[in-house]
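**Q** Chain B: place on chain A using the hints.
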Amino acid sequence: MLVLTRRPGQSILVGDNVELVVVRVEGDRVVLGIEAPREIRVVRSELLRAVEAENQVSAEARDRIRGLLAGVARPVAP
Amino acid sequence: MSSEITVPPVLSLPGGLVGLPDVHALETIPIAGGQFVELLDPEDPSLGWLAASAEDVRPGMSATLRATGRMGADDVLLVLLASHGDPAVVTANLAGPLVVAPDGAAHQLVLEDPSFELRARLGCLAPAPLEKS
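First to last, the protein sequences are chains A and B.
Using my numbering, the letters of the first sequence map in sequence onto residues 1 to 78.
Using my numbering, the letters of the second sequence map in sequence onto residues 1001 to 1133.
Source of the hints: derived by calculation from the structure; they are not laboratory data.
A couple of the hints might just be wrong.
Negatives, chain A to chain B, calculated, CB over 10 angstroms [as the list claims (entries may be wrong)]:
no.: 1; residue: SER11
no.: 2; residue: VAL14
no.: 3; residue: ASN17
no.: 4; residue: GLU54
no.: 5; residue: LEU69
Label pairs and their computed distance ranges (CB to CB) [as the list claims (entries may be wrong)]:
no.: 6; chain 1: B; residue 1: GLU1117; chain 2: A; residue 2: ILE34; range: 21 to 29 angstroms
no.: 7; chain 1: B; residue 1: PRO1021; chain 2: A; residue 2: ASP28; range: 32 to 40 angstroms
no.: 8; chain 1: B; residue 1: ALA1067; chain 2: A; residue 2: VAL22; range: 28 to 36 angstroms
no.: 9; chain 1: B; residue 1: GLU1112; chain 2: A; residue 2: VAL22; range: 15 to 23 angstroms
no.: 10; chain 1: B; residue 1: ARG1070; chain 2: A; residue 2: LEU2; range: 29 to 37 angstroms
no.: 11; chain 1: A; residue 1: ARG7; chain 2: B; residue 2: GLY1034; range: 20 to 28 angstroms
no.: 12; chain 1: A; residue 1: GLN10; chain 2: B; residue 2: ARG1066; range: 30 to 38 angstroms
no.: 13; chain 1: B; residue 1: PRO1030; chain 2: A; residue 2: ARG24; range: 48 to 56 angstroms
no.: 14; chain 1: A; residue 1: THR5; chain 2: B; residue 2: GLY1034; range: 32 to 40 angstroms
no.: 15; chain 1: B; residue 1: GLY1123; chain 2: A; residue 2: ARG64; range: 14 to 22 angstroms
no.: 16; chain 1: A; residue 1: VAL23; chain 2: B; residue 2: GLY1104; range: 38 to 46 angstroms
Just so it is clear, the structure is predicted and the values come from calculations on it, not from any experiment.
Beta carbons are placed, not taken as given, at the ideal position from N, Cα and C, and that holds for glycine.
The following block holds chain A by itself, in its conformation from the complex (with noise of 0.2 angstroms):
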């Protein structure tokens, strides 16, 4: 892994169109600002990650959520 030092206003480079920038450092926190083309996924990874298992259980539970969508669907007309 390659590991940079910047302050705050510095920012580092990936490729030719994304930018982070380092806004402020608070405490144990470091508050990025990320200048990137809208097609480039930019997400915190603990967020990818839960999008990801929360897929993996909605796949395992596809049959009691069938059962349970009968408690809030609407009557369908016959």
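**A** Then chain B, alone, in the frame of chain A:
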């Protein structure tokens, strides 16, 4: 609200789903009169999901994403359903919705917005609007 979900019979997902990059297509099967849709992997029918219209779960969500350029004017936004808790309740994944274009091209977003939660509880859906005779 709570209108019938209208999506093509097959969705193509060039990038797969988050964590499931090999899911490149999903067949869509309307259930409960079209209020929900079942998404089945044609290569492995044991793999599938149930989805609802995002608008039925969080009205205005599509407009928010259109305003920020995350989906097109004619795209449909689906949310995958899960179940959690004891007793189990149905939840909708608003943090990772599926954007479906009219031609069936689809991709899963990951939204860095705390108002679009990972496990939004699915309440009773509003009655369908009466059709004029």
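**Q** Hint numbers the structure violates, sorted upward?
**A** 4, 5, 11, 14
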